[in-house]
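The residues making up each chain are set out below.
4 protein chains.
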Amino acid sequence: MTFIRALLLIAAGSCLLLAQSSRETKTEAAPANSAAQIAELVLANHILTMNGVLDAYGHVSVRSARNPNHFYLARHIPAGTVTAADVIEYDLDSKQVGGNPGTGYTERFIHGEIYRARPDVMAVVHCHSPEVIPFTVTGVPLRPLIHMAAFLGGPIPVFEIRDSAGITDMLIRDAALGRALAKTLGNNTAALLRGHGAVVVAPSLHVVAGRSYYMSVNAKAQQQAIQMGAGKVTYLDPGEAQKALPQDGYERSWQLWKQQVAAK
Amino acid sequence: MTFIRALLLIAAGSCLLLAQSSRETKTEAAPANSAAQIAELVLANHILTMNGVLDAYGHVSVRSARNPNHFYLARHIPAGTVTAADVIEYDLDSKQVGGNPGTGYTERFIHGEIYRARPDVMAVVHCHSPEVIPFTVTGVPLRPLIHMAAFLGGPIPVFEIRDSAGITDMLIRDAALGRALAKTLGNNTAALLRGHGAVVVAPSLHVVAGRSYYMSVNAKAQQQAIQMGAGKVTYLDPGEAQKALPQDGYERSWQLWKQQVAAK
Amino acid sequence: MTFIRALLLIAAGSCLLLAQSSRETKTEAAPANSAAQIAELVLANHILTMNGVLDAYGHVSVRSARNPNHFYLARHIPAGTVTAADVIEYDLDSKQVGGNPGTGYTERFIHGEIYRARPDVMAVVHCHSPEVIPFTVTGVPLRPLIHMAAFLGGPIPVFEIRDSAGITDMLIRDAALGRALAKTLGNNTAALLRGHGAVVVAPSLHVVAGRSYYMSVNAKAQQQAIQMGAGKVTYLDPGEAQKALPQDGYERSWQLWKQQVAAK
Amino acid sequence: MTFIRALLLIAAGSCLLLAQSSRETKTEAAPANSAAQIAELVLANHILTMNGVLDAYGHVSVRSARNPNHFYLARHIPAGTVTAADVIEYDLDSKQVGGNPGTGYTERFIHGEIYRARPDVMAVVHCHSPEVIPFTVTGVPLRPLIHMAAFLGGPIPVFEIRDSAGITDMLIRDAALGRALAKTLGNNTAALLRGHGAVVVAPSLHVVAGRSYYMSVNAKAQQQAIQMGAGKVTYLDPGEAQKALPQDGYERSWQLWKQQVAAK
Numbered sequence: 004m005t006f007i008r009a010l011l012l013i014a015a016g017s018c019l020l021l022a023q024s025s026r027e028t029k030t031e032a033a034p035a036n037s038a039a040q041i042a043e044l045v046l047a048n049h050i051l052t053m054n055g056v057l058d059a060y061g062h063v064s065v066r067s068a069r070n071p072n073h074f075y076l077a078r079h080i081p082a083g084t085v086t087a088a089d090v091i092e093y094d095l096d097s098k099q100v101g102g103n104p105g106t107g108y109t110e111r112f113i114h115g116e117i118y119r120a121r122p123d124v125m126a127v128v129h130c131h132s133p134e135v136i137p138f139t140v141t142g143v144p145l146r147p148l149i150h151m152a153a154f155l156g157g158p159i160p161v162f163e164i165r166d167s168a169g170i171t172d173m174l175i176r177d178a179a180l181g182r183a184l185a186k187t188l189g190n191n192t193a194a195l196l197r198g199h200g201a202v203v204v205a206p207s208l209h210v211v212a213g214r215s216y217y218m219s220v221n222a223k224a225q226q227q228a229i230q231m232g233a234g235k236v237t238y239l240d241p242g243e244a245q246k247a248l249p250q251d252g253y254e255r256s257w258q259l260w261k262q263q264v265a266a267k
Numbered sequence: 004m005t006f007i008r009a010l011l012l013i014a015a016g017s018c019l020l021l022a023q024s025s026r027e028t029k030t031e032a033a034p035a036n037s038a039a040q041i042a043e044l045v046l047a048n049h050i051l052t053m054n055g056v057l058d059a060y061g062h063v064s065v066r067s068a069r070n071p072n073h074f075y076l077a078r079h080i081p082a083g084t085v086t087a088a089d090v091i092e093y094d095l096d097s098k099q100v101g102g103n104p105g106t107g108y109t110e111r112f113i114h115g116e117i118y119r120a121r122p123d124v125m126a127v128v129h130c131h132s133p134e135v136i137p138f139t140v141t142g143v144p145l146r147p148l149i150h151m152a153a154f155l156g157g158p159i160p161v162f163e164i165r166d167s168a169g170i171t172d173m174l175i176r177d178a179a180l181g182r183a184l185a186k187t188l189g190n191n192t193a194a195l196l197r198g199h200g201a202v203v204v205a206p207s208l209h210v211v212a213g214r215s216y217y218m219s220v221n222a223k224a225q226q227q228a229i230q231m232g233a234g235k236v237t238y239l240d241p242g243e244a245q246k247a248l249p250q251d252g253y254e255r256s257w258q259l260w261k262q263q264v265a266a267k
Numbered sequence: 004m005t006f007i008r009a010l011l012l013i014a015a016g017s018c019l020l021l022a023q024s025s026r027e028t029k030t031e032a033a034p035a036n037s038a039a040q041i042a043e044l045v046l047a048n049h050i051l052t053m054n055g056v057l058d059a060y061g062h063v064s065v066r067s068a069r070n071p072n073h074f075y076l077a078r079h080i081p082a083g084t085v086t087a088a089d090v091i092e093y094d095l096d097s098k099q100v101g102g103n104p105g106t107g108y109t110e111r112f113i114h115g116e117i118y119r120a121r122p123d124v125m126a127v128v129h130c131h132s133p134e135v136i137p138f139t140v141t142g143v144p145l146r147p148l149i150h151m152a153a154f155l156g157g158p159i160p161v162f163e164i165r166d167s168a169g170i171t172d173m174l175i176r177d178a179a180l181g182r183a184l185a186k187t188l189g190n191n192t193a194a195l196l197r198g199h200g201a202v203v204v205a206p207s208l209h210v211v212a213g214r215s216y217y218m219s220v221n222a223k224a225q226q227q228a229i230q231m232g233a234g235k236v237t238y239l240d241p242g243e244a245q246k247a248l249p250q251d252g253y254e255r256s257w258q259l260w261k262q263q264v265a266a267k
Numbered sequence: 004m005t006f007i008r009a010l011l012l013i014a015a016g017s018c019l020l021l022a023q024s025s026r027e028t029k030t031e032a033a034p035a036n037s038a039a040q041i042a043e044l045v046l047a048n049h050i051l052t053m054n055g056v057l058d059a060y061g062h063v064s065v066r067s068a069r070n071p072n073h074f075y076l077a078r079h080i081p082a083g084t085v086t087a088a089d090v091i092e093y094d095l096d097s098k099q100v101g102g103n104p105g106t107g108y109t110e111r112f113i114h115g116e117i118y119r120a121r122p123d124v125m126a127v128v129h130c131h132s133p134e135v136i137p138f139t140v141t142g143v144p145l146r147p148l149i150h151m152a153a154f155l156g157g158p159i160p161v162f163e164i165r166d167s168a169g170i171t172d173m174l175i176r177d178a179a180l181g182r183a184l185a186k187t188l189g190n191n192t193a194a195l196l197r198g199h200g201a202v203v204v205a206p207s208l209h210v211v212a213g214r215s216y217y218m219s220v221n222a223k224a225q226q227q228a229i230q231m232g233a234g235k236v237t238y239l240d241p242g243e244a245q246k247a248l249p250q251d252g253y254e255r256s257w258q259l260w261k262q263q264v265a266a267k
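Those protein sequences? They're chains R, F, E and L, same order as listed.
Residues in the first sequence are numbered from 4 upward in steps of one, following the working numbering.
Residues in the second sequence are numbered from 4 upward in steps of one, following the working numbering.
Residues in the third sequence are numbered from 4 upward in steps of one, following the working numbering.
Residues in the fourth sequence are numbered from 4 upward in steps of one, following the working numbering.
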């Protein structure tokens with residue numbers, strides 16, 4: 004009997020350990036299998052819709068782990084409705100090379116040209132977050148104010164499409180415009196688009212999701228601080244922006260949002 | 004066996020294609036059948052309540068596809084509670100000509116007179132969106148700031164009811180007031196009502212739903228930009244406002260909201 | 004068979020009429036039966052919690068239809084948790100005279116003294132709505148800006164408790180303070196309490212619910228208008244505030260909120 | 004029969020009394036049993052996530068009732084996902100001494116050092132509430148404006164990490180930084196962290212939950228008042244801040260939030 008009790012205790016303890024370690028906020032390795040990557044991309048679409056980053060028109064992509072000259076991006080449907088069957092595989096010319104046939108987002112060139120220009124970037128978000136819009140139209144630079152947005156680094160560049168292409172419908176609808184935007188982005192983690200929104204880049208889907216969310220939190224807090232402080236605002240020291248970078252890969256946010264999406 | 008496997012693969016692929024194409028964000032043709040139009044109108048009532056455009060007092064209508072001198076509008080109940088049995092058919096004098104008998108909205112004349120004055124308009128929203136109110140009472144013009152609100156065109160006219168009728172209860176309660184409002188609207192896509200709200204017009208229910216929502220997004224962003232930018236704000240160039248117009252008929256927004264309403 | 008078909012048609016039509024008329028936004032007569040009044044009060048507690056007017060500390064009461072010298076108010080629990088078993092019957096001295104025994108809200112004197120001073124008032128809300136707080140501490144008067152808040156009439160009085168009782172814990176914890184507040188309220192439809200919140204009064208529960216909600220909507224819009232308009236804001240003309248009063252008894256709002264509470 | 008009816012009435016009345024008294028907003032004694040304390044801590048994690056105080060990165064702890072030199076705090080997972088199996092027992096050096104083995108929050112030293120410096124503190128929250136951020140970066144002091152935030156006492160101190168440790172990643176990642184923060188906190192009920200968030204302390208979990216929530220409400224209202232009032236704002240008199248303190252231990256808020264968490 005004692006032996007059985009001991010076995011039961013050991014079993015119970017092991018179960019607890021297993022349950023616990025499965026919820027450890029360890030940095031998940033980016034999936035190498037395309038089905039796994041596509042599943043993560045679908046989840047990212049839903050997470051970013053739920054936490055307010057993506058409206059019906061924004062999008063998120065991930066560079067293929069099998070082929071760094073390809074990336075995955077959904078068809079031109081609302082991010083909140085994306086399933087695995089909607090994911091298209093593109094080459095860096097933003098031409099479809101895999102996945103179910105479908106019409107892509109008009110602005111898929113945002114993703115293709117950024118992946119081409121930035122070998123370090125593994126995931127890209129294009130969003131219309133209302134919180135950043137005032138920073139796209141006033142000349143006031145969006146800068147890191149809170150430690151969770153340290154990744155912004157310094158003032159974020161603003162892409163003014165008229166400098167590249169004069170009067171347009173304001174969409175990044177071809178490779179030339181995509182290259183112009185990528186040039187404005189340079190080595191930054193984000194860029195704003197005047198009267199339009201933003202792009203955010205990162206080394207993984209989890210990180211790009213966290214960065215997009217906290218960019219909006221920073222923007223809203225910065226605007227309030229500017230108004231209340233009559234312009235006298237303390238931003239992150241450049242050294243702090245550097246050091247605060249490797250938070251935890253925003254893994255904890257991803258785990259919380261993943262649970263919240265599943266609970267809906 | 005190989006033959007059967009092949010058949011199964013073909014069947015699976017076909018199902019995927021069918022599922023995918025049914026979710027293509029193609030521009031849905033406006034329904035010509037009155038039952039279909041009424042069903043879409045009911046859905047519009049619920050979508051616009053869910054996304055915050057309509058409170059218990061706002062309303063949305065659609066011009067009849069069978070008879071351009073008629074339009075459909077619910078009885079005087081909250082938009083969020085409308086069913087097909089609540090829809091009334093009106094002539095352009097805003098007199099009931101069909102549907103279950105019922106008391107109409109006091110302000111049904113907003114719809115009748117706009118349909119009369121604007122043969123191009125197929126759907127009308129009257130809302131009390133709080134975000135636009137500051138633009139109705141300060142003389143600051145609501146103008147397109149974001150590409151999703153390019154439809155605003157230029158500064159939106161403001162209807163001051165005292166110019167037409169002196170001191171009133173501020174409701175558009177007869178044809179004369181409806182005509183005065185329609186005159187202020189002119190050829191614009193929207194007009195504001197001082198201390199009251201707005202009207203938004205469009206070539207379809209899907210478009211009027213998207214326009215009403217993004218008008219509020221624009222209003223809120225514009226107000227924040229004006230305050231943060233100390234008045235120095237970059238608006239859409241008139242040419243951009245023209246070119247950015249045919250977004251996608253706001254079809255993608257409609258699909259997302261339709262899914263969200265169904266999930267409630 | 005024709006006779007049966009006719010009967011079926013008549014039956015179907017009658018059902019539709021019945022269903023429709025039961026959802027007509029007619030002004031519901033205030034219930035005369037105490038159980039019915041208590042049920043309405045419980046619903047008001049839940050509606051006002053759901054629509055953001057009442058936090059865990061606010062409360063709402065209704066004058067007894069059987070005895071105008073009595074009123075109903077819940078025990079000192081969060082409004083969102085109130086049931087019929089929690090409702091206490093008070094006299095105008097805010098002493099319990101009926102209902103299950105229980106500890107009342109410390110500030111029940113707000114209700115008792117207002118019912119005593121205002122024979123026209125049948126329902127009272129005391130709330131901590133954050134939107135009105137800035138108007139209680141800046142000297143900027145809360146005034147009707149939108150037609151849905153016409154009931155405010157003119158600038159709303161602000162009760163400064165230090166004028167009555169010096170340094171206190173800021174609660175209306177006895178009849179003397181209740182009388183002082185009622186005096187500040189005078190014949191107005193609402194009064195603000197400095198650094199605390201507001202009281203709103205009305206001829207019925209449905210109206211006090213609508214007034215409380217739209218007071219907050221007005222406050223938020225007014226604050227934004229004041230900031231954007233650099234002080235130049237157009238308020239309702241006094242005549243408009245008078246005429247816009249009998250909206251519909253806020254019956255349409257009540258019906259919407261009642262449906263939303265039931266759906267939770 | 005009459006006797007049976009009488010018995011039934013007595014039984015019914017007793018049941019009502021029992022039901023009522025079980026929902027009396029009496030001040031619950033802090034649980035002395037560790038399992039009970041851990042259960043309350045888990046609930047606090049979920050309440051504070053639901054009411055917006057804690058994002059994926061904030062945390063809440065409670066001093067052990069069995070051993071005042073120990074405290075309970077979850078592993079480094081999002082507060083909204085915490086279960087009893089995730090709670091760790093720490094000593095005042097923030098070293099694990101009990102509970103399932105796990106990696107703790109990097110900033111557990113916030114809790115350990117505050118418990119060491121403040122024998123009166125039984126619960127601690129560390130949050131990133133966006134509403135307080137502007138007060139951490141503008142030099143404008145957060146002060147009690149509303150009676151529900153009287154606990155703030157007076158202007159809240161701001162911890163500037165560069166004064167202690169120069170350029171860092173801005174986290175309180177060791178005992179030295181924890182001591183520096185505790186020194187800034189002094190005998191206050193809260194302290195702000197520049198560009199980061201806040202800590203709030205209290206004699207119990209229920210009180211620290213209510214204080215954290217109403218600190219954010221106060222911050223938002225204060226910011227709006229400062230902007231609208233052109234700087235002329237009436238704050239709580241110091242005497243009022245003292246007297247308004249023993250509200251009800253925020254017990255009513257806790258009961259409401261507990262019910263709302265259970266209903267999700």
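Accuracy of the hints is not assured; some may be wrong.
Chain copies aren't distinguished; within one or between two, either way the pair holds.
[What the hints assert, rightly or not] Pairs of lysine to any residue, SDA-like flavour, derived with a Cα cap of 25 Å: (1) 246 / 174; (2) 246 / 171; (3) 235 / 163; (4) 267 / 96; (5) 261 / 42; (6) 235 / 36; (7) 261 / 46; (8) 261 / 83; (9) 246 / 107; (10) 261 / 38; (11) 267 / 86; (12) 261 / 36; (13) 246 / 106; (14) 246 / 109.
Since the hints were derived computationally from the structure, they do not count as laboratory data.
inquiry  = At most 25 Å between CA atoms: does that hold for residue 246 and residue 171 within a copy, between copies, both, or neither?
reply    = between (40 Å within a copy, 6 Å between copies)
inquiry  = For residue 235 and residue 163, with the copy left unspecified, which applies at a CA distance of at most 25 Å: within, between, both, or neither?
reply    = So residue 235 and residue 163 pass the 25 Å test across copies only (16 Å; inside, 27 Å).
query = Which holds for residue 235 with residue 36 at a C-alpha limit of 25 Å: within a copy, between copies, both or neither?
reply = Neither, since 49 Å and 50 Å both go past 25 Å.
ask   = Is the C-alpha distance from residue 261 to residue 42 at most 25 Å within one copy, between copies, in both cases, or in neither?
value = Both, since 12 Å and 24 Å are each at most 25 Å.
key: Within, between, both or neither, where residue 267 and residue 86 count as close if Cα-Cα is 25 Å or less   = Classified as both: same-chain Cα gap 16 Å, cross-chain 20 Å, threshold 25 Å.
ask   = Quick one: residue 246 to residue 109, C-alpha cut-off 25 Å, is that within a copy, between copies, both, or neither?
value = between (37 Å within a copy, 15 Å between copies)
request  = With 25 Å as the alpha-carbon cut-off, assign the pair residue 261 and residue 46 to within, between, both or neither.
outcome  = both (8 Å within a copy, 20 Å between copies)
key: residue 261 and residue 38: within-copy, between-copy, both or neither at 25 Å Cα   = For residue 261 and residue 38, only the intra-copy Cα distance (18 Å) is at most 25 Å; the inter-copy one is 28 Å.
query = Given a CA cutoff of 25 Å, do residue 261 and residue 83 count as a within-copy pair, a between-copy pair, both, or neither?
reply = both (14 Å within a copy, 11 Å between copies)
inquiry  = Regarding residue 246 and residue 107, is the shortest C-alpha distance of 25 Å or less found within a copy, between copies, in both, or in neither?
reply    = Classified as between; 21 Å across copies, 38 Å inside a copy.
request  = Pop the pair residue 261 and residue 36 into one bin, within, between, both or neither, using alpha-carbon distances up to 25 Å.
outcome  = Within. Shortest intra-copy distance 20 Å satisfies the 25 Å Cα cut-off; inter-copy 33 Å does not.
query = Are the CA atoms of residue 246 and residue 174 at most 25 Å apart within a copy, between copies, both, or neither?
reply = Answer is between: at 10 Å across copies they meet the 25 Å cutoff, but 35 Å inside does not.
Violation of the numbered hints given earlier is confined to hints 4, 6; the remaining hints are satisfied by the structure.
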